[in-house]
Amino acid sequence: MSNNVLNTKELPFCKGCGHHLIAQNTAKAIEELGLNILDVIFVTDIGCHGIIDKSLNTHTVHGLHGRSVALGAGISMGLPPEKKVIVFIGDGGATIGLQHILEAARLNVNLTVVVHNNFLYGMTGGQLSGLTPKGFNTIITPNGSPYGEHDICELVYTAGANYVSRVLGIGDYSETIKNALKTPGFSLIEVMEICPSYGVKFNPKRKLQEIVEAANKPIKTWTNHRDPFVFPERKIVSNLFDKTPVIEHLNKEKILTSQIQVVLSGSAGEGVQLAANILCKAAVKHGYNITQKGTYPVTVGVGFSNAEVNISPDEILFHGLSNPEYVIVTSQDGLDFSKNTIKQMNEHQWILIDKSLPLPETKAQILSYDFRGKGAKNAVISSLFFFAKLSGIIETDTLKAILSEMGMLEKLPLTAIENELVLVTV
Amino acid sequence: MNIHEKKEVILDDSRVIIEALAQAGADVYIGYPITPSNAMYLYASQRFPLMLPAPDEISTLQYMSGLAIVGHIPVTATSFPGFALMVESINMAYMMELPMIIILTQRLGPATGTATAGAQGDVALLKGMISGGHPVPVICPSSIEDCWHLSAKAVEIAVKLRTPVVILSSKERATTNRNFDISKLPPIKPLERKYYSKNEPYKPYEYNETLVPDFLPVSNTSHQVRITASTHDQNGIIQHTSEEAMKNTIRLEKKIFKYLNEYTYYEHIQNNSKQLIVSYGVSANAAQEAVKILQKNGRNTDLLIVKTLIPVSEDLYSIIEKYEKVVFAEDNINGQYAKILFGEKLPTHVSFVGSIGKMLSPKNIIEGGKL
Numbered sequence: 001m002s003n004n005v006l007n008t009k010e011l012p013f014c015k016g017c018g019h020h021l022i023a024q025n026t027a028k029a030i031e032e033l034g035l036n037i038l039d040v041i042f043v044t045d046i047g048c049h050g051i052i053d054k055s056l057n058t059h060t061v062h063g064l065h066g067r068s069v070a071l072g073a074g075i076s077m078g079l080p081p082e083k084k085v086i087v088f089i090g091d092g093g094a095t096i097g098l099q100h101i102l103e104a105a106r107l108n109v110n111l112t113v114v115v116h117n118n119f120l121y122g123m124t125g126g127q128l129s130g131l132t133p134k135g136f137n138t139i140i141t142p143n144g145s146p147y148g149e150h151d152i153c154e155l156v157y158t159a160g161a162n163y164v165s166r167v168l169g170i171g172d173y174s175e176t177i178k179n180a181l182k183t184p185g186f187s188l189i190e191v192m193e194i195c196p197s198y199g200v201k202f203n204p205k206r207k208l209q210e211i212v213e214a215a216n217k218p219i220k221t222w223t224n225h226r227d228p229f230v231f232p233e234r235k236i237v238s239n240l241f242d243k244t245p246v247i248e249h250l251n252k253e254k255i256l257t258s259q260i261q262v263v264l265s266g267s268a269g270e271g272v273q274l275a276a277n278i279l280c281k282a283a284v285k286h287g288y289n290i291t292q293k294g295t296y297p298v299t300v301g302v303g304f305s306n307a308e309v310n311i312s313p314d315e316i317l318f319h320g321l322s323n324p325e326y327v328i329v330t331s332q333d334g335l336d337f338s339k340n341t342i343k344q345m346n347e348h349q350w351i352l353i354d355k356s357l358p359l360p361e362t363k364a365q366i367l368s369y370d371f372r373g374k375g376a377k378n379a380v381i382s383s384l385f386f387f388a389k390l391s392g393i394i395e396t397d398t399l400k401a402i403l404s405e406m407g408m409l410e411k412l413p414l415t416a417i418e419n420e421l422v423l424v425t426v
Numbered sequence: 001m002n003i004h005e006k007k008e009v010i011l012d013d014s015r016v017i018i019e020a021l022a023q024a025g026a027d028v029y030i031g032y033p034i035t036p037s038n039a040m041y042l043y044a045s046q047r048f049p050l051m052l053p054a055p056d057e058i059s060t061l062q063y064m065s066g067l068a069i070v071g072h073i074p075v076t077a078t079s080f081p082g083f084a085l086m087v088e089s090i091n092m093a094y095m096m097e098l099p100m101i102i103i104l105t106q107r108l109g110p111a112t113g114t115a116t117a118g119a120q121g122d123v124a125l126l127k128g129m130i131s132g133g134h135p136v137p138v139i140c141p142s143s144i145e146d147c148w149h150l151s152a153k154a155v156e157i158a159v160k161l162r163t164p165v166v167i168l169s170s171k172e173r174a175t176t177n178r179n180f181d182i183s184k185l186p187p188i189k190p191l192e193r194k195y196y197s198k199n200e201p202y203k204p205y206e207y208n209e210t211l212v213p214d215f216l217p218v219s220n221t222s223h224q225v226r227i228t229a230s231t232h233d234q235n236g237i238i239q240h241t242s243e244e245a246m247k248n249t250i251r252l253e254k255k256i257f258k259y260l261n262e263y264t265y266y267e268h269i270q271n272n273s274k275q276l277i278v279s280y281g282v283s284a285n286a287a288q289e290a291v292k293i294l295q296k297n298g299r300n301t302d303l304l305i306v307k308t309l310i311p312v313s314e315d316l317y318s319i320i321e322k323y324e325k326v327v328f329a330e331d332n333i334n335g336q337y338a339k340i341l342f343g344e345k346l347p348t349h350v351s352f353v354g355s356i357g358k359m360l361s362p363k364n365i366i367e368g369g370k371l
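As you go down the protein sequences, you meet chains A and B in turn.
Going letter by letter, the first sequence gives residues 1 to 426 in the numbering used here.
Going letter by letter, the second sequence gives residues 1 to 371 in the numbering used here.
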């Protein structure tokens, strides 16, 4: 294959369109830099500029409207820096995909973006874009766009691009493209053009240079000197299961003959899910199967937090809220959340509730203790000791061993818990 | 050391899926946080060789596509709001024929709905998300073993068929902890990828009876590669509706069906009954329990747990047609999978039991299904 970037002199654009020059100048820049054309990947998208693909001898990728910069960024991230990824995009694509451009500039991805700014969407009939200068006529705004326009160069420069340049789409500007291609990291060239079909038609008396000057868009170059993107070094594990501690069975006799459910109802930020996890570990140590399902609002540190724990000597299939044998309530949020469940409980079931809370209406047996007296953050974990003593399903020593392994035992007012635990009679 | 020594741990599906994908050869994770998929993002950040936070879900899919074009196997996890943003880009990846895995953890909709409540409400969307109606394989695990084996299979079919594959989960499976003996999960052999290696000129979308074109990354310097999301011929050149291009577009659908029997997964639990529950994902667990309860009461019921939801395998119809009474159990209010199989009006012997805002329970299935 020849080392010509373009495979034809007949480019697929309208007569007089500046896109010819962009393709020719980019081709010249690549050829003069002596790049292997198969080290070059052109990424284009939807818009007149995107039909260039078939005229190129390089690799070509043709994506979605406005997404070519993100697509090109993905390609570039996976390639060594000597590869050149060049994105062709229109002003419409730059508008819909503005965030992709800013992000690629922020990350300083090795990428050269050429914005074909002809002030409108050519392929769809000449509508205005976010880069259409105020006052420029389009089919939608025949008396001039009433809106201001983005300065794409200033935006990407501020976002951290290493090389940014605005050129008039006239004559030979291949040197500028060469500079962009030679610069490590993100570069962008905004080529100013007038669409010969719609731009000229709706703005017959205006000249390109005058439009650019009226829009106060200087022809200039901006540079930053930031390190280009590389995937950062990270510490990773070779197996995620290494992060899940193996739980050894204690070979205790199992008192449960069928599945039960324990519900922990408290407040977010008070360790409800953590306590449920500790309860699960204890139950597994005692030879049971468990499931632990959390129910909580989208907020993180406020509102209720509920954990539904199933404990069973057999395989657990359905793990949702059923008819819990034990409900442990450690805060008003928890009580509010579980009040309907509690109402439906029967006389064989148990509620362990913090003594500061009003006793709910229920047929279940109620035991009231001072869980919160051990500190709000300790309330739920403390309640597990009472559950252990009351139910006999797990032992308090098992809880202590788990908490000790987790470095949490010292933080617990164990004496206060044990003093009150004496009062629990089964 | 005995390799089958019991190793009991507490874990969730998210961990198992991510580990399985990594072992199978998926090597880059692009993340955008969204509940209830955040655990997968965290685990992937600890496990995947390459990881990048994306600024939004459109960028996520675009980065993934770019990385797939250079030969990576990318993964992301999301839920409906993010998935909705991804749909156009999934169409792009489908048209470009790029392998990737998208984990969709369902939550309660519409729109933002409730991020922390489970649901199975996105199945209808998955069925119709490709313009033209082409199917994207959707794999739906309903156990830890499924998460392990089917996630690995998802990577295999994504690469073999050159297509995005969706692993469908839901809040109530992805984030629920359970004890499990991980010694039961055999190591997964990483996938070996084969690229086009002939000396003849490479046509990026040329195909033979396999219906899957040979892949070559754009990092190669031997052959020109053209990748496109627009209607194209075998050279990857954009076409209007030429015969060659239309054949190519039709092939995209055909290739997904061609290999369906290689990735059709279901579990048919037979108790010699004339009635059948059909379910998937987390609701299948409720259905398993329902079957157990019914059995205890002397009322046998069969169960079909569907694990390859899309495309629909003929096998499902062959099983279902044997029953006098069929009950679909799903965590939605409209019987989305039942309708995928039977259309808007279900046959008289087919009914649906659903739930909204809380998990479909065995009791719901038994009572609602009049089983």
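If you are wondering where the hints come from, they were derived from the structure by calculation, not from laboratory data.
Don't take every hint at face value.
Said to hold, decoys possible - From chain B, some residues computed to sit far from chain A (all C-beta separations above 10 angstroms):
| id | residue |
| --- | --- |
| 1 | Gly25 |
| 2 | Ile58 |
| 3 | Asp214 |
| 4 | Ile237 |
| 5 | Lys258 |
| 6 | Lys292 |
| 7 | Lys325 |
| 8 | Ile340 |
| 9 | Val350 |
Claimed, not checked - Subject to a maximum C-alpha distance of 16 angstroms in a straight line, what follows is the list of computed EDC-like cross-link-like pairs (lysine to aspartate or glutamate):
| id | chain 1 | residue 1 | chain 2 | residue 2 |
| --- | --- | --- | --- | --- |
| 10 | B | Lys292 | A | Asp314 |
| 11 | B | Lys160 | B | Asp214 |
| 12 | A | Lys235 | B | Asp302 |
| 13 | B | Lys7 | A | Asp242 |
| 14 | A | Lys54 | B | Glu8 |
| 15 | B | Lys296 | A | Asp314 |
| 16 | B | Lys6 | A | Glu248 |
| 17 | B | Lys6 | A | Glu213 |
| 18 | A | Lys243 | B | Asp233 |
| 19 | B | Lys292 | A | Glu248 |
| 20 | A | Lys134 | A | Asp242 |
| 21 | A | Lys243 | B | Asp214 |
| 22 | B | Lys274 | B | Asp302 |
| 23 | B | Lys7 | A | Glu248 |
Unchecked claim - Label pairs and their in silico Cβ distance ranges:
| id | chain 1 | residue 1 | chain 2 | residue 2 | range |
| --- | --- | --- | --- | --- | --- |
| 24 | B | Ser197 | A | Ser404 | 28 to 36 angstroms |
| 25 | A | Ile219 | B | Ala124 | 49 to 57 angstroms |
| 26 | B | Tyr195 | A | Glu210 | 50 to 58 angstroms |
| 27 | A | Glu32 | B | Ser197 | 31 to 39 angstroms |
| 28 | B | Lys198 | A | Ile140 | 45 to 53 angstroms |
| 29 | A | Gly34 | B | Pro33 | 40 to 48 angstroms |
| 30 | A | Ser238 | B | Pro33 | 41 to 49 angstroms |
| 31 | A | Val230 | B | Lys345 | 25 to 33 angstroms |
Glycine included, C-beta positions come from ideal geometry on N, C-alpha and C.
Results for each hint:
Every CB of chain A is more than 10 angstroms from the CB of Gly25(B) (nearest about 14 angstroms), matching its label as outside the interface. With a least beta-carbon separation of about 7 angstroms from chain A, Ile58(B) fails to lie farther than 10 angstroms from that chain, contradicting its non-interface assignment. With a minimum CB-CB distance of about 15 angstroms to chain A, Asp214(B) clears the 10 angstroms threshold, and the non-interface call stands. At the 10 angstroms boundary, the C-beta of Ile237(B) falls inside the reach of chain A, the nearest C-beta of that chain being 5 angstroms off.
Non-interface status of Lys258(B) relative to chain A is upheld: no Cβ of that chain comes within 10 angstroms, the nearest being about 26 angstroms off. Annotated as non-interface, Lys292(B) brings its C-beta within 10 angstroms of a C-beta of chain A; the closest such distance is 7 angstroms. Every Cβ of chain A is farther than 10 angstroms from the Cβ of Lys325(B); the closest lies at roughly 21 angstroms, confirming the non-interface assignment. Non-interface call for Ile340(B) relative to chain A: holds, since the shortest CB-CB distance, roughly 24 angstroms, exceeds 10 angstroms.
With a minimum CB-CB distance of about 23 angstroms to chain A, Val350(B) clears the 10 angstroms threshold, and the non-interface call stands. With a CA separation close to 12 angstroms, the supplied pair Lys292(B) and Asp314(A) stays within the 16 angstroms bound. A C-alpha spacing of about 10 angstroms is found between Lys160(B) and Asp214(B), which places the hinted pair at or below 16 angstroms, so the restraint holds. This hinted pair does not check out: Lys235(A) and Asp302(B) have alpha carbons roughly 48 angstroms apart, beyond 16 angstroms.
For the proposed pair Lys7(B) and Asp242(A), the alpha carbon gap of about 11 angstroms is at most 16 angstroms, so the pair holds. For the given pair, Lys54(A) sits about 58 angstroms from Glu8(B) by alpha-carbon distance, which is inconsistent with the 16 angstroms threshold. Restraint check for Lys296(B) and Asp314(A): the C-alpha separation of about 15 angstroms stays at or below 16 angstroms, so the hint holds. For the suggested pair Lys6(B) and Glu248(A), the alpha carbons sit about 9 angstroms apart, so the restraint of at most 16 angstroms is met.
For a cut-off of 16 angstroms, the pair hint linking Lys6(B) to Glu213(A) is broken: about 75 angstroms separates their Cα positions. Restraint check for Lys243(A) and Asp233(B): the C-alpha separation of about 49 angstroms exceeds 16 angstroms, so the hint is violated. A C-alpha spacing of about 29 angstroms is found between Lys292(B) and Glu248(A), which places the hinted pair above 16 angstroms, so the restraint is violated. Annotation: proposed proximity of Lys134(A) to Asp242(A) is violated, straight-line Cα distance about 60 angstroms (limit 16 angstroms).
Among the hinted pairs, Lys243(A) with Asp214(B) is inconsistent with the structure: their alpha-carbon atoms are about 39 angstroms apart, more than 16 angstroms. Our distance criterion of 16 angstroms between C-alpha atoms is met by Lys274(B) and Asp302(B), whose separation comes to about 8 angstroms. Distance hint between Lys7(B) and Glu248(A) is fulfilled; the C-alpha atoms sit about 8 angstroms from each other, no more than 16 angstroms. The hinted window of 28 to 36 angstroms between Ser197(B) and Ser404(A) is violated, with their beta carbons roughly 59 angstroms apart.
Ile219(A) and Ala124(B) have their C-beta atoms about 53 angstroms apart, which keeps the hinted 49 to 57 angstroms range intact. Between Tyr195(B) and Glu210(A) the Cβ separation comes to about 53 angstroms, which falls inside the hinted range of 50 to 58 angstroms. Between Glu32(A) and Ser197(B) the beta carbon distance is about 33 angstroms. The supplied range of 31 to 39 angstroms therefore holds. About 51 angstroms separates the C-beta atoms of Lys198(B) and Ile140(A), a value consistent with the hinted range of 45 to 53 angstroms.
Evaluation of the 40 to 48 angstroms hint for Gly34(A) and Pro33(B) yields a pass: the beta carbon distance comes to about 44 angstroms. A C-beta distance of roughly 25 angstroms is found between Ser238(A) and Pro33(B), which places it outside the suggested range of 41 to 49 angstroms. Taken as a hint, the range 25 to 33 angstroms is violated for the pair Val230(A) and Lys345(B), whose Cβ atoms sit roughly 57 angstroms apart.
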